[in-house]
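Sequential numbering from 1 applies to the sequence shown in the UniProt record's numbering.
Please keep in mind that the hints were generated in silico from the structure rather than gathered at the bench. It cannot be assumed that every hint is accurate.
[To be verified] With a straight-line cut-off of 20 Å between C-alpha atoms, the simulated SDA-like cross-links for lysine to any residue are: (1) 8 / 33; (2) 21 / 85; (3) 100 / 74; (4) 21 / 11; (5) 21 / 57; (6) 8 / 100.
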Amino acid sequence: GSYGAVYKARDLRTQELVAVKIISLTEGEEGYEDIRGEIEMLQQCSHPNVVRYFGSYQGEEYLWIVMEYCGGGSVADLIGITEEPLDEPQIAYICRETLK
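Make a model of the complete structure from these sequences and hints.
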C-alpha cells in the first residue's frame, strides 16, 4: 500500500482476517494530507469493488488503518506478477469492474 506497510491480522472480536496499514508519523509531514484523504475516502465509500474501511487509530509515532483483507492482492500485484503486459480485454475487464 501507499505510505506504509500492510500486514495481515485477525480481528479478535470477529475472528475475521483484516489488513492493517501501519504508517510512521515520525518520518515528516509530507503525505499526511494524502493519508487523511485516503481515510476519508474509505470512510465514505461502500462498494463491492472497494476495500472496506473498519477504523483507524493514531498514536504518537504511528497511524494504523484497519481495512478489509483481500487475499487475492491488488491490481498492482496482478500486474507485477504477469510476465507479459495485460492485453486489451484484461484491461477492459479491470476498468469495467473498477467503474461499476
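The hints, checked one at a time:
1. Taking the CA atoms of residue 8 and residue 33, the gap is near 25 Å; set against the 20 Å cutoff, the hint is violated.
2. Between the alpha carbons of residue 21 and residue 85 the distance comes to roughly 28 Å, so the proposed pair goes past 20 Å and is violated.
3. Straight-line distance between C-alpha atoms of residue 100 and residue 74 comes to about 17 Å, which keeps the hinted pair within the 20 Å bound.
4. With a C-alpha separation of about 14 Å, the suggested pairing of residue 21 with residue 11 holds against the 20 Å cut-off.
5. Pair hint residue 21 plus residue 57 holds up; C-alpha atoms about 11 Å apart against a cutoff of 20 Å.
6. Proximity of residue 8 to residue 100 is assessed by CA-CA distance (about 27 Å); at most 20 Å being required, the pair is judged violated.
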